[in-house]
Structures are given as C-alpha cells and as structure tokens.
Amino acid sequence: MSDRVQSTVLPWVVLGVAVAIFVGWAIWPASALYARVLTPHRLVALAALLKLVYLLAGAAWAFACRDRLEEGNPARPAWFLLSLGLLSTFVGQLCLAPFQVVRNETPFPSVADIYYLLSYPLLIAALLVLLNAYRESGFPVGSGAERTAIAGVVAVIAAVVAVPILRPVAQTGGPLLDRMLNVAYPVLDLVLLLPLALLLRVALRLRGSRVGEVWLLVLSGFVFLCAGDICFAYFQSLGETHLDPFVHATYTLAYGLVAGGAHRQLELLTS
Amino acid sequence: MTTSDAVEAMVKVMGPYIGDTMARSATEAHCQKLGIAAGPLPTDRLDALLAKLGSGLNIFLGRDKSALVMAEVRRALATLEASR
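Taken in order, these protein sequences are the chains called A and B. The first sequence begins at 1 in the numbering used here and counts up one residue at a time. The second sequence begins at 1001 in the numbering used here and counts up one residue at a time.
No lab work stands behind these hints: they were computed from the structure. There could be a bad hint or two in this list.
Straight-line C-alpha distance at most 20 Å; calculated SDA-like pairs for lysine to any residue [stated by the list, open to error]:
#1 B/K1052 x A/E70
#2 B/K1065 x A/A184
#3 B/K1052 x A/N132
#4 B/K1065 x A/D67
#5 B/K1033 x B/K1065
#6 B/K1012 x B/A1078
#7 B/K1065 x B/E1081
#8 B/K1065 x A/E267
#9 B/K1065 x B/P1016
#10 B/K1065 x B/S1004
#11 B/K1065 x B/A1082
#12 B/K1065 x A/L118
#13 B/K1065 x A/F108
Label pairs and their computed distance ranges (CB to CB) [to be verified]:
#14 A/R147 x B/D1064: 28 to 38 Å
#15 A/R36 x B/D1020: 37 to 47 Å
#16 B/E1081 x A/L128: 38 to 48 Å
#17 A/L94 x B/T1002: 36 to 46 Å
#18 A/V9 x B/A1051: 34 to 44 Å
#19 B/A1029 x A/P29: 37 to 47 Å
#20 A/P164 x B/G1015: 18 to 28 Å
#21 A/A45 x B/S1025: 44 to 54 Å
#22 A/G239 x B/D1020: 45 to 55 Å
#23 B/D1064 x A/A170: 29 to 39 Å
#24 A/L128 x B/A1051: 36 to 46 Å
#25 A/A45 x B/A1051: 50 to 60 Å
#26 B/G1015 x A/E267: 11 to 21 Å
In this text, all values refer to a predicted model and were calculated from it rather than measured experimentally. Think of the CB as a built atom: it goes at the ideal place given N, C-alpha and C, for glycine as much as any other residue.
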C-alpha cells in the first residue's frame, strides 16, 4: 500500500475500529474482552483522548482552510466559525478529560458545559454563513419555495421529535441545572438541524465530487453530533448509563467526520 | 462552437470538483441569466459565462484553485474549437 493511500485510509480505519469497539461495549458489556481487556475505565479514557485528537485536528484544519481562502471570500468566515466552534468543544472536552482518564468519572454539570454551550452559536453561525456563501456563489441552491418547504418539514419533524424526547427529560426529578442543560442541548441541536437540512440539500447536488465529499463528511458529522446530544440527554436524565458507549460512539464519529471533512477541504485548497 | 458543446466541455472539467449535477445546473442557470441561447456562442458571452462560473467556484475552491480549474476549462474549450 502506498504512503498516500495509507495516510488517507488509516485514519478512517482507526475511526471505524474505535466506533465498533464502543458499539461492541454497549452490546456485550459482560463479555471477557470488555470485562478484562477493554475495561470501562480504559474505554472512557480512550474515548476522551480520541475526541480531543479529532477536535483539535478539526479546529486546526478548519482554521487552515480559513487561512487558505482569500479575504472577501464568503466561505472564509464560515471556516473560522467552524474552527472556533470545534475549539470551544475541545476546551470543554479538555476540562472533562482528566476526570475521565484518571478517575473514570464524567462530572455533569461541570465547567465543560460552558464551553459545550458556547460552541453551539458558533457552529450554527458557521452553517448559516456557509449557506449564505453558497447562495452568493450564484450556483443553484434550490428555489425559495423549496427552501421554505425544507425548513417547514424540519420544523415539523423537530416539534414532533422534541416533545416525546424532551418531556421525560424535563420531568425527571434531578437538579434544575441538570434538567436545563439536558433540555438545552437537544433544543440547540434542533436549531442546528435547520441550516443543516438546507445545506444537505445543496450537498446532494454536489454528490460524486471532491467538494461533495467534503460536505458529506462535515454535515454527516453534524448529524451524529445532534444524535449524540439527544442520546446523552435521554440516557443521562433517565439514568440509562449502560447506554453511554453509544454516546461515546456517536460523539467520536461526529468529531472524526467533521475533522475528516475539514482535512479533505484543506487538501482541495492546497492540491 | 455551440452553447451545448461548450456546456458539455465545462461540465466535463468542473464535474470532478463540484459534481456533474451541480456543474450542469450552474452552467445552465448562468446561461439563462446571461441570455445565452442554444446555437453559436459568441466570444463575449462565453467570457462572461466563464467569469460567472469562476467566481462561483471561488466559494468552494478558493481563488487560486478556481483560477486553475477555469484555465483548464479554457484549454478544453480551445481544444474543442480547434477540433472543429
């Protein structure tokens, strides 16, 4: 295998294996492999480290994309905002990592939540700026009626999904701050879904291309981020901690995909 | 060179970067906006079309890469013209 292929394929193999390990942990937690070798403490530490690596790499590559785009390019601020959003998430994860690596604990709520919450306006703004940049490109992004229809469908789906998910989360008897955070994350994700759906529509038109590959990776990363937040809120508030491996799998996959997309975009800009 | 021949050549070059679907719909949308009809394509209209496509590609690829792709498009169009 050539160096080029190895450097392209290897990170995806690592990501795939890591996600498979976390999913396996959720399905067969009592098996010998997970009881003796891949113990919960080791896996939580592995997840913490992987998330840190992907988030830092993603933030750095997104910033490099911003740097490679000329001033005045409407996509430049979007990559900057994405970089800041990932960096904020990285700092949040950095606050949690010592607890996870050393003590096998994930304190909630904690100072990390400040940075996680801060990342949302940055990520939402990144998607909105990107949407505007694509509109300014003069390339077809769908008619106004089509965009309104997509926004309407997403809003309806969000409302239908939000009520059954958020009601039990909000009605649990935990401390108010816990409940507020457990509701805030999925709500912010639902806000994120709106520009995400519109961008996915654009990305479909780019399928089979190098730019399409970038956007497929970045946007699917955001989809998994939303899924991870919703799972986290649901499992946390209902005390279903045995399902945490799924949360680790979705977050690791989300950060890995976004970082991979930023890297592909950087390759495209520098090739 | 006819408009449809030029569009095919442009889609062939831009396709790997932004996909055949986007390349074709972007080119056809710009043709429509610039009032370019089927049949022979005048040079001044062709230049206007290439400028529009180039500025759109900037968003996705950045100025430098976009300029390289548009140069590739011009070469493909020159080859097409020479082969007639």
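Hint check results:
Of the supplied pair hints, the one linking B/K1052 and A/E70 holds, its CA atoms being roughly 18 Å apart against a limit of 20 Å. With a C-alpha separation of about 41 Å, the suggested pair B/K1065 and A/A184 falls outside the 20 Å cut-off, and the hint is violated. Note on B/K1052 and A/N132: the hinted pairing holds, with a Cα-Cα distance of about 17 Å set against a maximum of 20 Å. For the hint linking B/K1065 to A/D67, the alpha-carbon distance of about 14 Å falls within 20 Å, and the restraint holds.
For the given pair, B/K1033 sits about 25 Å from B/K1065 by alpha-carbon distance, which is inconsistent with the 20 Å threshold. Our distance criterion of 20 Å between C-alpha atoms is met by B/K1012 and B/A1078, whose separation comes to about 14 Å. For the suggested pair B/K1065 and B/E1081, the alpha carbons sit about 24 Å apart, so the restraint of at most 20 Å is broken. Taking the CA atoms of B/K1065 and A/E267, the gap is near 11 Å; set against the 20 Å cutoff, the hint holds.
Pair hint B/K1065 plus B/P1016 holds up; C-alpha atoms about 13 Å apart against a cutoff of 20 Å. As the CA atoms of B/K1065 and B/S1004 are separated by approximately 25 Å, the hinted pair breaks the 20 Å bound. Between B/K1065 and B/A1082, the direct Cα distance comes to roughly 26 Å. Violation of the 20 Å bound is thereby established for this hinted pair. Among the hinted pairs, B/K1065 with A/L118 is inconsistent with the structure: their alpha-carbon atoms are about 34 Å apart, more than 20 Å.
Proximity of B/K1065 to A/F108 is assessed by CA-CA distance (about 46 Å); at most 20 Å being required, the pair is judged violated. At roughly 31 Å, the beta carbons of A/R147 and B/D1064 sit within the given window of 28 to 38 Å. At roughly 52 Å, the beta-carbon separation of A/R36 and B/D1020 lies outside the given 37 to 47 Å, and the hint is violated. In this structure, B/E1081 and A/L128 meet the distance hint of 38 to 48 Å, their C-beta atoms being roughly 43 Å apart.
Between A/L94 and B/T1002, the C-beta spacing of about 60 Å breaks the proposed range 36 to 46 Å. For A/V9 and B/A1051, the hinted distance range of 34 to 44 Å is satisfied, since their beta carbons lie about 39 Å from each other. The given range of 37 to 47 Å is broken by B/A1029 and A/P29, whose C-beta atoms sit roughly 54 Å from each other. Take A/P164 and B/G1015: their Cβ atoms lie about 44 Å apart, and the range 18 to 28 Å is violated.
Take A/A45 and B/S1025: their Cβ atoms lie about 48 Å apart, and the range 44 to 54 Å holds. Evaluation of the 45 to 55 Å hint for A/G239 and B/D1020 yields a pass: the beta carbon distance comes to about 51 Å. For the pair B/D1064 and A/A170, the beta carbons lie near 51 Å from each other, so the given range of 29 to 39 Å is not met. Taking 36 to 46 Å as the suggested C-beta distance range, the pair A/L128 and B/A1051 does not conform, at roughly 27 Å.
Take A/A45 and B/A1051: their Cβ atoms lie about 55 Å apart, and the range 50 to 60 Å holds. At roughly 18 Å, the beta-carbon separation of B/G1015 and A/E267 lies within the given 11 to 21 Å, and the hint holds.
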